[in-house]
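K.L.:
Protein chains in written order, with this note's numbering: chain X, 1 to 404; chain G, 405 to 1206; chain Y, 1207 to 1489.
Hints were generated in silico from the structure; no laboratory data involved. All C-beta atoms, glycine included, are put in the ideal place defined by N, C-alpha and C. One or more hints might be untrue.
[Unchecked claim] Per label pair, the in silico range of CB-to-CB distance:
1. G:I840 x Y:E1387: 35 to 41 Å
2. Y:T1249 x X:V352: 33 to 39 Å
3. G:T1171 x Y:S1356: 35 to 41 Å
4. Y:R1396 x G:V744: 48 to 54 Å
5. Y:T1310 x X:A3: 56 to 62 Å
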Amino acid sequence: MTAARLIIDEVKGYHRFLKFMIVLVALGALASLLRFVFGLGVTTNLNDTYPWGLWISFDVVTAVPLAAGAFTLGAIVHCFHIKKLEPLVRPAIVTGFLGYSLVCVGLLLDLGQPHKGWHTLVYWNVHSPMFEVSMCVMAYTTVLFLEFLSPVCEKFGYRLPLRVLRWLEMPLVIAAAAISTLHQSSLGTFFLIAVDKLHALWYNPLLPLLFWMSAIFTGISIIIIEATMVHRYLNQPDESELLEVLTRILPWVLGAYLLVKLYATIFLSHGPLFDRPWLLMLFLVELGVGVVMPLLMFLNKANREDKRMQLRGATMVVFGLVLNRFNVSMFGMIQPDQQVYIPSLIESVVTVGIIAAHVLFFVLIAKYFPIFEHHPETVDYALPDSFRKLDGAHKAPATQAEQA
Amino acid sequence: MTNHWNDLQNSDCIFIIGCNPAENHPISFKWIEKAVDNGAKLVVVDPRYTRSASKADIYAQIRPGTDIAFLGGLINYALKNNLVHLDYVRDYTNASFIINDKYAFEEGLFCSFDDQEQSYDAKAWAYELDGSGNPKRDTSLKDPRCVYQLLKKHYARYDLDTVCAITGTKRGDYLAVADAFCNTGRADKAGTILYAMGITQSTHGTQNVRAVAMLQLLLGNVGIAGGGVNALRGESNVQGSTDYGLLFHVLPGYLKSPEFDNVNLAAYNKKWTPSTKDSRSANWWGNTPKYVTSLLKAWYGDNATPENDFCYDYLPKRSGNYSYSKIIEKMGRGELEGLVCMGMNPAVGGPDSGSAREALGRLKWLVTVDLWETETSIFWKRPGVDPKTIQTEVFMLPAASSIEKEGSISNSGRWAQWRYKAVEPVGKAQSDLWIIDQFYKRVAALYKKGGTFPEPLTKLSWNYGHGHEPDVHLVAKEINGYFTKDVTITEQDKTLVFKKGDQVPAFKYLAADGSTLSGCWLYCGSYTNDGNQMARRDDSDPTGLGLYPKWSWCWPVNRRILYNRASVTPQGAPFNPKRTVIAWNGAEKKWLGDVPDGPWPPMADDKEGKYPFIMLPEGHGRLYGLDLKDGPFPEHYEPVESPARNLLSAVQNNPVVKLPKNVSSNLEQYPYIGTTYRMTEHWQTGGMTRNLPWLVELVPSMFVEMSESLAKLKGIKRGDKVTVTTERGSIEAVALITSRLKPFNVGGQKVEQIGMPWHFGYAGLSTGDSGNMLTPTVGCANTNIPEFKAFLCNIEKGGRKG
Amino acid sequence: MSTKTIDYSKNKAFLIDTTKCTGCRGCQVACKQWNQLKAEQTTFFSGEGYQNPPAMSEYTFTRIKFRDYQKDGQNEFAFYKEMCMHCNDPACASVCPVGAFKKTKEGPVIYDAQRCIGCRFCMIACPFGIPKYEWSKAFPLVRKCTGCYSRIKEGLEPACVTACPTAISYGSRDAMLKEAERRMKEKPERYYKKIYGKEEAGGTCIFYLTHQPLDELGFKPVTSRALPSYTWDALRLVPGIFLTVGGTLSALSWFNHRKERVRREEEQRQQNADQQPTEGDQQ
């Protein structure tokens, strides 16, 4: 059978849902092609009043914190040494890698001169938050790629790279967390320049700090959602015990965030807070649904252990984050007398396609690569094991042999 | 202008009436603002709050067509409050002249009005002469029959309340204007009046200008720096065109065009050369024969000899009114075979454009010469017309623009500035000079083969070079004029020897014996043996008054401020030493400063002194006019279409103006005052500007401006299509609602106004209905200029149906 | 980035005295002609008075805004020229990741199209909303007033300055400020007591004098602090944060691993200790 035949037969066997994702991705790709053929002006509803629209607000400003699970979990597991959560790390890395890769795709589409995208590597403006973010995102995507290479090498049995990667894992985790801190917060720094434009409900000097903190609790929440989903739909074990650990961490982060946010909004902002009823409502929903309710919810042990409540709580947090990012990058930037921006069909199809691509590739990677193993049995244990994955297991055969 | 653009900076009070320089002469505002920076007051009187008004210290609203009431009120105010410059008035104007005892003004009519003919006999307004044949005078200004007293009596009727009731101006605003401007009667203050079409385009347009001039004479503002009677010309070279006699009733240099009863040159000279018995009066028009002869010599060269009256017989003799309106009328009756429109667009630019468009269809042939395809050029396929029904053969000749040819352009200040050719004309476009040259050459060639009375053309002396393009320098030199033979002239202190072919240095050397030729006596001195004076670009300004005596050349004889002898006392000392235009240096026996208005010593000099107003036979400024068709004093009459009864007399309209059929003062049908105007962004009939995308971007469509109250009344909102109708026709436009237009208070009633630009037509990149479809074909009693500025109309929401 | 050490007084600046502006649009058309910008399609006026086009755009670098209203029964008909402010410390130059904007020493803030990647951050950053985008093109660039930089380099003045007969003066920033202050002092009743553009965004090269209050005319209130300082306050912490987070996590991780290792060694020792007697048993 030819490779093409192989692929087609394989795809035919996919679940309906996956096939639907493929369709969405294909539509997204087509829409992207149209953007390049006809130009941004024709295919989007962007204009001089709204130079940034759905693609920046969602595909960049929102998608980046949504992919924050990787560094968060990496730090929790390997730096704070909560080894119990180790099984969640790999899926988080895949989510992160896919997320950031798709951010790059979204960016390339949104740039007016994407063929000059490489200019950021050559022309440096260190005063620009965007320079900082693009450097960091490029570095971090590379880190994620390297982290993702581990399961790839395991699958294909590439020994040498695996060795190098295993050795690099710790520095990579630390680098990931440090780099992520920088760019998660710098996405907030972006909007510090919009001093007379962004509404006082969101504009304050601690915006970068708030973005970083919300990235952390969002990353954790995404993992909760992702783990619950793969249990439901991809036949993975029920990890709600592990997730309970995460739900114990969440209230702390949410609480700290709430305090910083309230302090910054009340004491550090300039300008009227209550003059735009719609914005006030969005602010209250964002805080109420996205922070306060999950916080209260997860203070209760029963909720923390119940996998349905875990999912609901995490979903509320993610919803709150998405709303927050849209509030900062779009709604809060609307001036009182401006007309409203609504994304065009093509913009929406592309964004939906990108989300579908994330889901699709996650499932496919999970299908074909060792993402969910708890004990990597097929690996050569002679390799350095900085993460001590092989505690005990290494000794077992020898001991048995000794005892024999 | 009696003064000039740069002189505006010297003014203490700039009075803008019937014009809108910020919009139509934007660069002039550079000088106006300079004056304001130096403490001058800017006064704007206009029916609308225009861009000029936005810069004014004082703005007063005026109902269109009521300028004489406004100005008459100011004359009255100045007289009543003793603000006139008494010495000036007594010595330099005809205030002291006694009028014959038949003169009278009663119930709106001057004496000698013939009801049948609807005309006056101006002889009835003559001065009373003394034994020597000079007008009698009373320099104490007390004689009840002296002009000053008659003036006072006439304008005593223009009291504050009456004037404000007529013009609709708020009393406080009017007083502010009066106070600010009439205080320039002081010797050390200068007031200037700027005016344009708002003043001239009226059935009493000439009298409007007279009122402006009279006010200025009373305040001693004529002839001084920062003063004057200043017309803002509407086209860059219309001054040049009128200077060179393009109007139907004049020859170049404003010589009168011969009428049918001027049977020969002697008769012509007799009729049109004024005379005076007063040796103190320079009576410069007394030189008419010299200028006419020199003109004929220029046209007919060696063919013009004393024996054949210098070919005077070849000049066409006029037997009537050949003004624009009459031409269109004749055309409409099918009495004209052909028409040549050079840079003229009757389909949009003339009143009652609908009739003009119809009239064009009665021509056998039409030639248009323009830069773009104008509405006149395509009248035969205009909207609503089937070209098959038009029999006119139309020729379009593409013309070069002003930057594609060399020549001079005379601005409002009489400065003839020479322009070089910057680029070659596009495509087949040719300069007007080439086109006229070709017309002459080809028509003359046809005449050589036969025709009726060919000599006026075939005997012309036409020598402008042999190149493809006639040499404009040869034209300019001929206009300046040269000696046709060797001439020796002996003056007081020197003898001048001129050779045949020498350029004449100044018009005082032009002669009536055929020894000189000059295409236009006014421009004699513009291109001398020293070269093309119009091309000079020396920006030195020794007096500091902005005269720039060496920057180009102005007529007459480069005199920058006309009547400047009135800026000094009879002894020759400036009234305002801080702004010395000319000053008599008794020691050296000469004038310092600007070119004096005649080199003679000051007026007080017994032997050679002359009166300052040298163009009039009596040498004095005319507070009282002698030879206008509608009276010696401007009198307020209502415009032909008016919402108001004349409050000053029982005579509603200018009695001398014959009313055409298609005017109506039916307020039920046409309750609103209509007025037309121009904008910065478009120009005239829009041929040039409505084809330029950058200008179309600014003002893309035909619109009308109206007040918020009128909009509310008619349910019209900004941007709505509306239809405006008059007795002549109706147009569609878009509504612009603004608080800058306000209704007028007319006899206690509120009367609304609708203003509109007239730049639009059906040709070009941006099209729209033409404002002049609405305006009436009735005009000034003296000049025939149509009353574009005040008519009655109605407006309804909604565009043209179908 | 400290702006205190940079001397802006010799930069070229515009003084726009709106009390002298007659709204003639000579500047607007001169700019279009010099930059060969397309005319926009308009159907009627798009704003108060005769204002057109509806907004500045890729085709319109400067625009006269009209205000036509009444105040206390008096008409106010005012005009002012909307244009790039050529800020001393421009937000656009600071946020551009590839440094495509540059504040020249002559004054104008210029744009290097070759560098631009099209991220449009400059459009978000500019407090005056000046940079516009070529939405009509497939690969758009940013468009804005160039300060007629090419003309200045040749010793000419900007096109708009050259065309304006009344309102616009041009000279060194120092001289223009002095002139503005002189006018305000000489005619206090004529001028509103604030020069717009003197302190906005930390100081710009365009100074507006008005008669009517600034907010009545529609001038946007803008912070007087240079905008780049807002982001720089956060960005300058980047190296520190990187080292802190990296260091802390490294320390944590080392510490935790050490703890683990110690525990494991303890266990090992324990195990070995348990196994000791066995040797004797096997004898």
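K.L.:
Would you mind marking each hint as holding or not holding in the structure?
P.N.:
Do the hints match the structure? See the list:
1. G:I840 x Y:E1387: 35 to 41 Å: 57 Å, violated
2. Y:T1249 x X:V352: 33 to 39 Å: 37 Å, holds
3. G:T1171 x Y:S1356: 35 to 41 Å: Check passed, 37 Å falls within 35 to 41 Å.
4. Y:R1396 x G:V744: 48 to 54 Å: The hint (48 to 54 Å, Cβ to Cβ) holds, given that R1396 of chain Y and V744 of chain G are roughly 52 Å apart.
5. Y:T1310 x X:A3: 56 to 62 Å: Roughly 58 Å apart at Cβ, these two residues keep to the hinted range, so it holds.
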